[in-house]
Amino acid sequence: MSVATAQPRGSMARSRGSAAPALAHYDPMLLLVAGALLAIGVMMVASASMPQGMRAGEPLRFVERHLFALVLGLAGAVGAWFTSMARWERWSTWLYFLGLGLLALVFVPGLGREANGAMRWVGVGPLSLQTSEFMKLFVVLYMAGYVVRHKFSVVFEMKGFVRPMLLLLMACGLIMLQPDFGTTTVLLATAFGMLFLAGARLWQFGVLILCAAGALAALVYVSPYRMARVTSFLNPWEQARDAGYQLTQALIAFGRGEWTGVGLGNGIQKQFYLPEAHTDFVMAVIGEEFGLLGSLVIVLLFGLFVWRAFAIGARAERRGARFAAFVSYGVGLWIGMQAFINIGVNMGLLPTKGLTLPFISYGSNSLIACCIAVGLLARVHRENSEAGDAKEGKWQRA
Amino acid sequence: MIGHDDKQDSRQDYRGRRRLVLGVLALAGAGLVARAVDLHVLNKEFLQGQGAARYLRVVEEPAHRGMITDRFGEPLAISTPVDSVWANPQELIQQREQWAALARALGMPRTDLERLLAARRDKEFVYLRRRVNPDMARRVAALEIPGVALAPEYRRFYPAGEVTAHVVGFTDVDDAGQEGMELALDDRLRGVPGAKRVIKDRLGRIVESVERVREPQPGEDVALSIDRRLQYLAYRELKAAVRKNRADAGSAVILDVHTGEVLAMVNQPAYNPNNRGKLKRSHLRNRAVTDVFEPGSTIKPITVAAALETGRFNAHTPVDTRPGYFRVGRKTIRDFRNYGLIDVSTVIQKSSNVGASKLALSLSPETLWKAYASVGLGESTGSGFPGESGGLLTDFGGWHDIQRATVSYGYGMSVTTLQLARAYAALAGDGRPLPVSFTRRSAAEAAELAALYEPVLSVSSLRAVRRMMERVVAKGGTGTRAAVPGYRIAGKTGTVKKSGAGGYVEDSYIAVFAGLAPASAPRLAMVVMIDEPRGEKYYGGAVAAPVFGKVMAGALRLLDIPPDDIPSMPGQRLALLRANGGGGQ
Numbered sequence: 000m001s002v003a004t005a006q007p008r009g010s011m012a013r014s015r016g017s018a019a020p021a022l023a024h025y026d027p028m029l030l031l032v033a034g035a036l037l038a039i040g041v042m043m044v045a046s047a048s049m050p051q052g053m054r055a056g057e058p059l060r061f062v063e064r065h066l067f068a069l070v071l072g073l074a075g076a077v078g079a080w081f082t083s084m085a086r087w088e089r090w091s092t093w094l095y096f097l098g099l100g101l102l103a104l105v106f107v108p109g110l111g112r113e114a115n116g117a118m119r120w121v122g123v124g125p126l127s128l129q130t131s132e133f134m135k136l137f138v139v140l141y142m143a144g145y146v147v148r149h150k151f152s153v154v155f156e157m158k159g160f161v162r163p164m165l166l167l168l169m170a171c172g173l174i175m176l177q178p179d180f181g182t183t184t185v186l187l188a189t190a191f192g193m194l195f196l197a198g199a200r201l202w203q204f205g206v207l208i209l210c211a212a213g214a215l216a217a218l219v220y221v222s223p224y225r226m227a228r229v230t231s232f233l234n235p236w237e238q239a240r241d242a243g244y245q246l247t248q249a250l251i252a253f254g255r256g257e258w259t260g261v262g263l264g265n266g267i268q269k270q271f272y273l274p275e276a277h278t279d280f281v282m283a284v285i286g287e288e289f290g291l292l293g294s295l296v297i298v299l300l301f302g303l304f305v306w307r308a309f310a311i312g313a314r315a316e317r318r319g320a321r322f323a324a325f326v327s328y329g330v331g332l333w334i335g336m337q338a339f340i341n342i343g344v345n346m347g348l349l350p351t352k353g354l355t356l357p358f359i360s361y362g363s364n365s366l367i368a369c370c371i372a373v374g375l376l377a378r379v380h381r382e383n384s385e386a387g388d389a390k391e392g393k394w395q396r397a
Numbered sequence: 000m001i002g003h004d005d006k007q008d009s010r011q012d013y014r015g016r017r018r019l020v021l022g023v024l025a026l027a028g029a030g031l032v033a034r035a036v037d038l039h040v041l042n043k044e045f046l047q048g049q050g051a052a053r054y055l056r057v058v059e060e061p062a063h064r065g066m067i068t069d070r071f072g073e074p075l076a077i078s079t080p081v082d083s084v085w086a087n088p089q090e091l092i093q094q095r096e097q098w099a100a101l102a103r104a105l106g107m108p109r110t111d112l113e114r115l116l117a118a119r120r121d122k123e124f125v126y127l128r129r130r131v132n133p134d135m136a137r138r139v140a141a142l143e144i145p146g147v148a149l150a151p152e153y154r155r156f157y158p159a160g161e162v163t164a165h166v167v168g169f170t171d172v173d174d175a176g177q178e179g180m181e182l183a184l185d186d187r188l189r190g191v192p193g194a195k196r197v198i199k200d201r202l203g204r205i206v207e208s209v210e211r212v213r214e215p216q217p218g219e220d221v222a223l224s225i226d227r228r229l230q231y232l233a234y235r236e237l238k239a240a241v242r243k244n245r246a247d248a249g250s251a252v253i254l255d256v257h258t259g260e261v262l263a264m265v266n267q268p269a270y271n272p273n274n275r276g277k278l279k280r281s282h283l284r285n286r287a288v289t290d291v292f293e294p295g296s297t298i299k300p301i302t303v304a305a306a307l308e309t310g311r312f313n314a315h316t317p318v319d320t321r322p323g324y325f326r327v328g329r330k331t332i333r334d335f336r337n338y339g340l341i342d343v344s345t346v347i348q349k350s351s352n353v354g355a356s357k358l359a360l361s362l363s364p365e366t367l368w369k370a371y372a373s374v375g376l377g378e379s380t381g382s383g384f385p386g387e388s389g390g391l392l393t394d395f396g397g398w399h400d401i402q403r404a405t406v407s408y409g410y411g412m413s414v415t416t417l418q419l420a421r422a423y424a425a426l427a428g429d430g431r432p433l434p435v436s437f438t439r440r441s442a443a444e445a446a447e448l449a450a451l452y453e454p455v456l457s458v459s460s461l462r463a464v465r466r467m468m469e470r471v472v473a474k475g476g477t478g479t480r481a482a483v484p485g486y487r488i489a490g491k492t493g494t495v496k497k498s499g500a501g502g503y504v505e506d507s508y509i510a511v512f513a514g515l516a517p518a519s520a521p522r523l524a525m526v527v528m529i530d531e532p533r534g535e536k537y538y539g540g541a542v543a544a545p546v547f548g549k550v551m552a553g554a555l556r557l558l559d560i561p562p563d564d565i566p567s568m569p570g571q572r573l574a575l576l577r578a579n580g581g582g583g584q
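Residue numbers (numbering that gives the first Met the number 0), protein chains in the order written: chain B, 0 to 397; chain F, 0 to 584.
It should be emphasised that the hints constitute simulated quantities derived from the structure, not laboratory data. Mixed in with the good hints there might be a few duds.
[As the list claims (entries may be wrong)] These stretches of chain B come out as covered by chain F in the derived footprint (C-beta under 8 Å, 3 or more residues): (1) 33-45; (2) 57-70; (3) 85-97; (4) 267-273; (5) 305-311.
Keep in mind it's a predicted model, so treat the numbers as computed, not measured. The beta-carbon is built from N, C-alpha and C at its ideal position, and this holds for glycine as well.
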């Protein structure tokens, strides 16, 4: 019986696809994963922000803002989906410079807004624009355009590697001034990843790694105190009252979660014990309320997302759409890396950095940028499908 | 690998590198999974322990203090749950901008709040205001100031207020008995506080109760022997009399003759235990048990009973009180006027000091002393009331003529109002002074206690003395205003010169009336003492006797005690005779 019903359903989908081609070119896995992450995000922001909202007298204050940002994000995603990759390619360089300009705006007196000791926002009336979130998107687009334009230079010449680095360093410098080490890390890692995938020579990365090691050594030598702060994550229990406070509270949250968690809304750590429970440390709240099961689902969803991004990219590369391919890789690297760092920070594997968990954390700018990234992936998938290499099938390898 | 890639044409993608990148990301994901298992499963005991140390707290749950009721269960002291406002100074100190609103909600000056916080800035707990009314608690809670919270407590209310204040007493701010029966019965009334484990948020507010560590055990409800109706009656009449006679103070006590229970005990001045804000220390005193005075003529019935007991006297034995005074050593004992040659009965009726002295001098010091001691003078009443005084009855070894003479009419010894009431209860019964009880006592218990005493004064002597005391209230007696229509009252007035530093003070008296009713088969013993009446009249018969009369009239009716003075109500004679089964005269 199930076979009998499956048959007409399949044919119906096909016939509808031919009637409206665009609708058939969704990647169901991608949209399912992104939708699941966004839904979990709304739920967890609601749960994690409730104590703080109640204290302010508006229990739903953060969820409402989150939902508003989600609407904007979905609009952005649809917009991205309707914009051809060719157009994105033409815009990519200009968008990058626009991003640099916006980053500089943060430091214009009267426009920049400070929070938690960092100048990260540009105020426009009631709205706050966190330009560094969008800069991740722009860097992906710029780097994709760069490796396409300088395909051989990237592979064979020194300047092919150094030139984008210089522009990238400008952005990084501006972001470091805010200061925002987390975003800088994600930006650089994404750009390196893209250069690596474009064929840049390995010894260049070796040099970079050596430079980074040297810088780290210098830091230890110049200010061991700062170093100690950075490495405090290695043993947070020794400083549980100051430097390690936030991390210990996050770790307690995971421990309380056990296998399946204490249940949605029942977490205790968000009751003012865990700072930034609904933003950077939302993963700890998930871990407490849904346990190991919840943590594994989140890691799995991000894994699937990265896999889809690379699969879509690989398909584009095979059909020769290299810009589309590198945008896909870039989005995959960015989201994957940021999720890894955020979860790693929450679990005490990495030093504490101010980074959101993509799709889930409260934070309008991050949410909107992530939604647009999904829109880009969907667009690439659509163009892949329209290019008609249907014979490879939908579930090709990455 | 690079060399190989270099030779590829432009269509060749770097599939190997892509796989490497995905592999690295997959490894990173695997690392997260491993760490997740580590935290969620392997380290959960440690982490949960750390968490528990931060948010699990054991808080005390106040236990309900037992209720104090009168003998019929009418509440005299009850505990109701209220909230106290407390703060974590370390948290609240950071909310400076909220202080003004908080101080307003608490109804205290801001400076007081600041002082409180400054004094406890290093601590984590300070009461801002205890036992606030529900309205104030709501207002404070609505401010939602971090570091400020409410704690449940109990507040004590005294429904009868001033009327039972001295007997019931009160508790302090920590719910511990401070005065009166609240203090005496504290062990029974006090509950055992419970403890519960709770989860607190970081602001110190209780988010969730986890478990009861110990169930709070409520204290026991205790019924006092007090009859609230009699208590109110006595309070009303005493207060009116103290005011009318512009007296300093006063006390009144009613005892149940058969059980030794205190049915009523009031004092003036009194206080409202519900509002002790501006309270004079002296008003707290339960004068009826703590303050002693010389009983004066009210002691004469015992003197006479002791004389009767020798068998050498009866009610009609003549006593020569002429010429109205009598020298003993260097002291002259005087009567109010010259009563002439009278009988023993008249010594009581007219309250002749000369007569009483002559009777006393005919007895050995030991005989006399034993009579007084046998009705409980000079010893505590056994009530267990905090701060009770035992009065004074010196040893008869030092009793020469002059001492024997003065003691016979109530000087040179001291009693409390309660002690005197107990002595009269003994006169009213079989001469055995039951220990006084403020809590309910059954007839069986009373009988058991009575068996411990060896009466000195015989039943027949006591009956004879009671008949003499009836004449005090009858026409020609000193206490006619103590009379209660329909009942036979036996009593004795007393007007005592107050002693101060260096001897007796002129124009300073204590007016006393002690009596029992109904005289045919006494049920109640009552003493009224009024300290320093400043009106025109200061005699016990004029000042204290009317209080006795009014209160006793009400008490006898309230207790449904059948009238025993039938001739005074001829119209009802037959009916009463039938009701009493032909008893009476």
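If any of the earlier hints don't hold here, list their numbers in rising order.
1, 2, 3
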